[in-house]
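Colleague: Please arrange chains B and C on chain A, whose structure you already have, making use of the hints.
Listed below, chain by chain, are the residues.
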Amino acid sequence: MGIAERKIEDANLLKAVAALTPDKIQQVVRSVTKGEAGARLAVYHETCMRCGMCAEACHFSLSHKGDPTYTPVGKMEQTMWRLLRTDGRVTPDEIYNMAQIAFTECNMCKRCVHFCPVGIDTGYIISLVRRICHLLGVVPMYILDTAHSHSATMNQMWVKEDEWIDSLMWQEDEARDEFPKLRIPLDKEGSDVLYSVIAPEPKFRTQLIYQAAAIMNQAGIDWTMPAGPGWDNSDMCMMTGNLEMMGRLKRAHYEMAQRLRVKRIVMGECGHAFRSVYDTGNRWLGFKDWPVPIVHSVEFFWELLTTGKIKIPQKFQKPVTIHDPCNITRGYGLMEKLREVVHMLCENVVEMTPNREHTICCCAGGGVINCGPPFKGTRVAGNKVKADVLAATGVEYVIAPCHNCHGGLEDIISHYKLGMHTKFIGDLIFELMEKPGAE
Amino acid sequence: MKKLNSTVCKVLVCAALVATGGLCLGLPPAFSSQEDITHVRSEALKPHTRPAALFRHDEHNEKAGIDDCATCHHGKDKDGKRDMADMTAGTDCVECHAVSPVKGQTALRRAFHLQCMGCHQERKQGPLHCTGCHTNG
Amino acid sequence: MQTFYTIAVGPLAWFAWAVFLVGSAWRIFSMASLAKNKEMAAVAYFDTAYGMRSIARWMTPFATLGWQKNPVLTFATFAFHISFILLALFAQGHAILWEYAFGMRVWALPPQVASALTIIATLSCAYFLVRRLSNSTVRFVSTPGDWLALGLATLPFITALLVRQSVGDPLLMTLLHVLSGEAVLVAIPFTRLSHALFVPFTRAYMGSEFGAVRHCPDW
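Residue numbers (my numbering), protein chains in the order written: chain A, -7 to 431; chain B, 10 to 146; chain C, 239 to 457.
The following block holds chain A by itself, in its conformation from the complex:
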């Protein structure tokens, strides 16, 4: 039992801890616990009554029944509470363990909030642990690489500027075969909608851009996509604790939108990017709210469907279930709109239990899937409970409006042989909508 017995080798974690000394660790820990952090850390540390009620909350502890080291409070105990007790006097090896817990065994989904009478924010505590790890350079290799990409290119996937524009033009080209009048307008000033995506879309899931363009085109939206830096709304730096870069990324994003004088930013079906733009990046920059209104695609699709800009002649007939991504339900309250959208698209919706704001995490978000192949087993074993929830619905299709959720759910679906498929709402709309402009 315990993190030391489930140590997973990660090239950068190994390399980074080898360079640490106890003095360096203590100095960095103090710079966060006594420097950057304030009353929330102090109060949470003091008022966490160690009641263990959160053990019933976390997909990791529900999947590893009886192992306290996977519970939210257990993870805080092994990381931040220990750092505070020792005033940061811990060994490099212990920092390795803490990094593994913070980066790969907590998705910061905040389900435990619904279980804590005191109101302890475990996600926040874990993000502080990650901040310390970041300042020590102890970040798993794969996610560190994405953070480096953000620093070097302002996008997550090392996409060069010409490649980005080229990808958009390629999708426009493809789509014009189907919709001859379709355009993907680049940097069109004064548009009603700026459509922004995460870098994995041009990199791996380019069909999503095709679909979005088709939906925008058929709904007759005055829209544009950004041509320059700031186009990627994703944010792995928020996940690694590189908050300075998180601020730079979000500033670039907002400023790009302001420069284009768009009325609002509509973003694709992503969870973490929404959190970054809506909740964390703005705060880092000192904005209480947002320079440009931020709209998640679930909300946007809801508008298109309720105003009749998109018409669905025939609903999807096979039974589907809805997965609520934490960042837009627990993070933004889209539970109802998500359901309304899905019911407008699908004939037969089977709810999973638990659902809505009590949704169990996909176990990919919070940067965990971005820590890469070494930790895939951690995610899959740590989310058996979600596999059981999915299996209990007995349906073939899971609708999940979030890229990370797709990744996480697909992994457990294949590992536990559930025989299910994941779908974006955009997939369904594209498949089902009336396409008057199509040839």
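Since the hints were made in silico from the structure, they are not lab data.
Using N, Cα and C, we set each Cβ at its ideal position, and we do this for glycine too.
Don't take every hint at face value.
Sample of chain B residues with no beta-carbon within 10 angstroms of chain C, all distances over it, derived [what the hints assert, rightly or not]:
#1 T58
#2 E71
#3 L137
Going by beta-carbon spacing under 8 angstroms, a handful of chain C positions derived as facing chain B [unchecked claim]:
#4 Q240
#5 L327
#6 Q330
#7 G331
#8 Y338
#9 G341
#10 P349
#11 G406
#12 D407
Modeller: Then chains B and C, alone, in the frame of chain A:
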């Protein structure tokens, strides 16, 4: 010192002497005489939530060396202040110390507690804790 | 012992109340200024209405997911805290002390009710103890501070029971009861018992974030 002691013990004796007072006033006597008094007279505070305070009048006063009735049975001066020279044995305590007092009065229950515990504290003798007096024994 | 008792209900009581009140005010004030200095990005979202909504919800037994999924603990937690507050404020002996010292007339619980609450609180503490030992999660994360807090919170009830049941020397038991109560007062600002001071704020803050920013229930 003596004056203070007599002050605080006055009301205790008051409780005992109400029997006599009751007789004089033609009220039905609670006790036939003061040596029969075993508890502080607290009928006004009924219903009781604790056993009445154990108080064997003569035994207590002998042990405590109290001869002067006014030690407990004090009166009041024209300003309504406590007057130790004014002996009030025979007057029921509740006549001046109402259970729910008007302004300037000390409530009966508080008056009892102040009288007994005040003196016990002063002399460092006699019980101060609840069950020291409020006992079934 | 008589002298010691006099000190315990006199100067020591004043001391305990002073430490409790001044200590609590200082803790809350210094924590609030720390939050203001460093965490305006969080404080800015503080919202009284959502905060109160969250507090009310979590003060209702079984009204939250956490309470529902931990039914026995929920029962014990509510039983303990309700008993603690009712007894601390309205136990008859306490009412008498307020009246004796300041002439304040405080409503008091009927003695049978007070006795029942004392037993309930003691049994709840016993459950906390058993759970802390037997539940693997709780055992894993328990620190000396948690044991201290539990012990401190339990002692006044045990001693009150002993006084009521006339076990041992009554004066000694009453003295221990007074001392344990004073120990709780002194400990509130400086031990895990400080959750009594801070939970309204952590709860209201979480309620604010979930209500005003996340548009989502925090229960």
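Colleague: Could you run down the list of hints and mark each one as holding or not?
Modeller: Hint by hint, here is what the structure shows:
no., hint, result
1, T58, "violated, 5 angstroms"
2, E71, "holds, 21 angstroms"
3, L137, "violated, 6 angstroms"
4, Q240, "holds, 6 angstroms"
5, L327, "violated, 17 angstroms"
6, Q330, "holds, 6 angstroms"
7, G331, "holds, 5 angstroms"
8, Y338, "holds, 5 angstroms"
9, G341, "holds, 6 angstroms"
10, P349, "holds, 5 angstroms"
11, G406, "violated, 11 angstroms"
12, D407, "violated, 10 angstroms"
In this structure, the earlier hints numbered 1, 3, 5, 11 and 12 are contradicted, and the remaining ones agree with it.
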